[in-house]
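Keeping the supplied structure of chain A fixed, place chains B and C upon it in accordance with the hints.
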Amino acid sequence: MSRRLPRPRRAAGPQGVWSPLLGSLVREKFFMGGLIIILAVALMGLLAPYVAPSKNFLATVGPPNQPPSLKYPLGTTGFGQDVLSQLLFGTRNTLFVATVAALIATLIGLALGVIGGFLGGAVDAVFNFLTNTFLVIPTFTILLLIATIVKHPSLQLEAIIIGAFGWPWGARAYRSFALSMRSRDYVTVARLNGMSGLNIALTEVLPQMLPYIAIMLVMTLNGSLMADVGLDAIGLGPGNTITLGLMLNYAWGWGALVYNWWWWWLPPVLVIILIATSLTAVAMGMDRVFNPRLRGT
Amino acid sequence: MSGEVLYEVDRLTKVFSTGFFRTTKIYALNNVSFNVMEGEILSIVGESGSGKSTLLKVLLKALKPTSGRVLYRGVPLERWDNRRYWKEVQAVLQDPYSSFNPFYRVSRPLLMAAKTYMPEASEADRLKAVREALEFVGLNPDEILDKYPHQLSGGQLQRVMIARALVIGPKVLLADEIVSMIDASLRVNILNLLYKLKKETGMSVLFVTHDLSLASYIADRILILYKGEVMEYGDVEAVYSRPFHPYTQLLMKSIPLVSRRWTGRITSTTIEFKTGYIRGCVFADRCPLATDVCRATKPGLAQVEPDHYAACHYASKSAGLWKGI
Amino acid sequence: MKLLEVKDLRAYYFTPQGPVRAVDGISFDLEEGQVLGIVGESGSGKSTLGSVLANVIRPPLRLVSGQVLYRGSNIYSMDPEKLRQLRARGISIIPQYAMNALNPTSRVRDIIRDLLLSHDASSDELNYRLKLARERALQLGLPPWALDRYAIELSGGMRQRVTILISTLLDPEVLIADEPTSALDVVVQRLVIQYLKDLLDSGAVKSMIFITHDIALINEVATDLLVMYGGQAVEYGPVDEVLGDPKHPYTKGLMISIPEPGVRIVKRPLTGLKGEPPSLLSPPSGCRFHPRCPLAMPICSSEEPPVVSVGGRRLVKCWLYRGERG
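Residue numbers (this note's numbering), protein chains in the order written: chain A, 1 to 297; chain B, 1 to 325; chain C, 1 to 326.
Note that these hints are calculated values from the structure, not bench results.
All the pointers check out, no bait thrown in.
Between beta-carbon pairs, the in silico distance windows are:
hint	chain 1	residue 1	chain 2	residue 2	range
1	A	27	C	82	39 to 47 Å
2	C	198	B	4	49 to 57 Å
3	B	83	C	294	41 to 49 Å
4	B	263	C	244	17 to 25 Å
5	C	89	B	146	53 to 61 Å
6	A	207	C	130	51 to 59 Å
7	C	322	B	169	50 to 58 Å
This structure is a prediction, so every number in the text was calculated from the model and none was measured.
Beta carbons: idealized from backbone N, C-alpha and C, even for Gly.
So that you can see chain A by itself, here it is in the shape it has in the complex:
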């Protein structure tokens, strides 16, 4: 509709748009709660090489299947390894894979989505087709296939594989965002000002997308985590190191459920749940701040 009424002026503030947003984020309970937890878990992983009782977490250090005690705070595995050390290093490695995979997926998604959506035409047609094709592929099945072929990929390779299939959802979202941005008035004005397409994409469009990218990144992290744990738990992940999923694989494969050696499988499960929940909370918190309509005022 070409005609609207004069818009009432909003209450003024001398600062820009960022500081009020960041301020609101800090006050948002879900965000801060989730952030603190995930940072704590990440810290745990980061400090693993320094605080783990058994730096060589695959070495046998004592009798197998010991319940938690003073000497072994989380007990020992079926192979006599220290569960606590495995938990710390496992967290470290799992987080590593999930993070790298999410970063790869986000970068690919951003590149294809924003460039395609913004430039339109043939480029967009090609990128969009690519995105839709990848979307239709059953991701986990393909991951299984690749992992079977590659046979125990390294952590880095696993991250690449997961990232290479995790980008389509993001790409779609970023594309539609870029499409709507293209027709924004200030983008037209930027063109009239002689700004190049790349300049516009980076300085006009991207800042608007940052809140959205942040949320998508956290959700992609969650997804990568699940894919990683899933692959490792089936035994298709790396074989020469330890991850949370691999701990589950060993524990369940070697009778932990049957013999009720709960200290072997429960800690990794709890950490996985903790990571997933805190990530979800962070994403939820950001969503509530960036989309005030959901707050229900």
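Just chains B and C, lined up with the frame of chain A:
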């Protein structure tokens, strides 16, 4: 008004294909012809669906015509390099709050314009040009430059946009409904500013609006569009005092005035959105004078007076029936 | 018969930055046959007033003080059942942006049917009103098939008119129209105004409050005029008297800033108002118009002017007329 013809628009047509198999055709513009002289203000009047926004987008080089041609200073639009063209043709858009990126201060688009179009000037000179432009439009640079868009009113933001164009110093300013989102009592200030631009810099203005009252205030000539076609066109005094086209007359009769009240009634069937090519006159289904001739063939734009054209088979009859607003 | 009595109405938005005083002391009466035009621009509070008069307000907007009496009963202290019965038949509001008020996934005639049933229409009335709806749709220039379509299939202008149709279908005694034509093309606007005046002339609607920023439109519709500025009423009186001889500097400023067709700057330049609309969060001290008033006196910035009578039913809130208090 000096002599040079800036725009020659010749049978401009723009067709959009939509629908599932792109078979539905929308004739946003059909055979539109007019010209714009240096230093003149042309009002382009139309309601929703008239094609006025599409026309502006074509003139801004944001859309390509389907057929027909647009010459700017004798050269077809597609042969103009964008950077050179936008040094001569700039625009101000309808929604002042959308025209600014809320993350940045309002000085940014001004300085960006200066940087692009004054590349050899020093930073100090560019800032000077920006400040002078702001003063010309009636704003105090010290109060405006470091504000964010949400801290200024719609009227102030539109002035900043006009200042941005002024920094570039174009020959033509395309103004797309620039006051429709501003309070009625403040609109005339912006219009006075546009007139000042024309008088003091010789800038031409293409003033797109739906409001016939605003259209006549600063314009020299007026172009009236309906469903993508030109209904009436010419000198503003002539068109307002002797409207030939029944559509123009219907518009004039429907405007509420403070000085007088409406007499009689109007009846009008609804404006249905038709897709596809309309045979005959686009106004025929609403026109009290329509005959089979009107429904079968399109009337061309024909001269009815010096500098006054109307597209109607019964233009003189229609003019004879006009008794004033 | 006084259909509506509004006494010293105040309603504020309670925001984190403080109270926004959108309606700050409005009083008037509405009798049968009257059309009160409320004219104001951004920062005047006129749309808030419309919602308050119809009691469709929600937090953070709250009634602070004052009364709205419909036929003597305060609509803010009615029990919910009486209030429900009041809507559509007693006081009905055509909201601003009415075109977005329709459920896009229902057919228009079903929306109408649901409305009628929810207002306790007997089956006789149901049939009568549905038939009436079709007649009135034609009056509004809608095509006959419009009522049978889904709301989402209609254009914005059509949806606006459908909402107007629905809001007036039960022949409310008091019709509050908040910018009902602002998004419509000028020809359709005239059709809608004709329609509303027909409703008034035939007695289907007994009185109307017409809220707009368009002073020329007010001239076509209203019998009396209330000019709002900064949440307050600055001038009131019969429409011909106020427009013919405006007393308040703001009203005068409005009148000389509106171009009419054929008025050209080369012959008759117009000067608009200077300055910017007032903030309702922190309005100017004293008279809220004083920063923009060409006739401002020292007292205007320090003390709020009283409402004085300037003859007949005319009232002005301005220090210029203090001596003329009747």
